[in-house]
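Peer 1: In my numbering, the protein residues as written are 31 to 113.
One thing to keep in mind: the hints can contain errors.
Derived DEER-like restraints, expressed as beta-carbon distance ranges [said to hold, decoys possible]:
hint : residue 1 : residue 2 : range
1    : D68       : R102      : 14 to 20 Å
2    : L59       : I106      : 15 to 21 Å
3    : D68       : P101      : 15 to 21 Å
4    : I54       : G82       : 14 to 20 Å
5    : R63       : S98       : 16 to 22 Å
6    : G103      : D68       : 28 to 34 Å
7    : R102      : E70       : 23 to 29 Å
Honestly, the hints are just simulated from the structure, not real lab data.
Backbone N, C-alpha and C fix where the C-beta goes; we use that ideal spot for every residue, glycine too.
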Amino acid sequence: LTILSFALLLCQVAAADKPDVKMIPFSNLPIERTYFDDSEVYIIIYHDILEGDVWISQDEGKSWDLASDVPRGKAIMFIAHPF
């Protein structure tokens, strides 16, 4: 009984450690990503320098949206402010 309980516990731990992988197609490969890991939610920003777009993920890269305050195709540079 102890061995069976231990085996079930190991199965539960192994299932919890599986990453949630999702393919998100972009027009161009990201050259640089900016991570904001000190916020409540792990935020990632990706600047597509060829298209001039800024993409943002507020759920650790599971979904992506164009940054709402940046006109599409107009972003020349992205500078992360240290504060």
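Peer 1: Each hint needs a verdict: does it hold in this structure or not?
Peer 2: Evaluation of the provided hints:
Here the CB-CB span from D68 to R102 is close to 29 Å, at odds with the stated 14 to 20 Å. Hint check: L59 to I106, Cβ distance near 19 Å, so the stated range 15 to 21 Å holds. A C-beta distance of roughly 28 Å is found between D68 and P101, which places it outside the suggested range of 15 to 21 Å. For the pair I54 and G82, the supplied restraint of 14 to 20 Å holds, since their beta-carbon distance comes to about 19 Å.
Judged by the Cβ atoms, the range 16 to 22 Å given for R63 and S98 holds: they are separated by roughly 19 Å. At about 30 Å, the beta-carbon gap between G103 and D68 stays in the expected band of 28 to 34 Å. A hinted range of 23 to 29 Å holds for the C-beta pair R102 and E70, which are about 28 Å apart.
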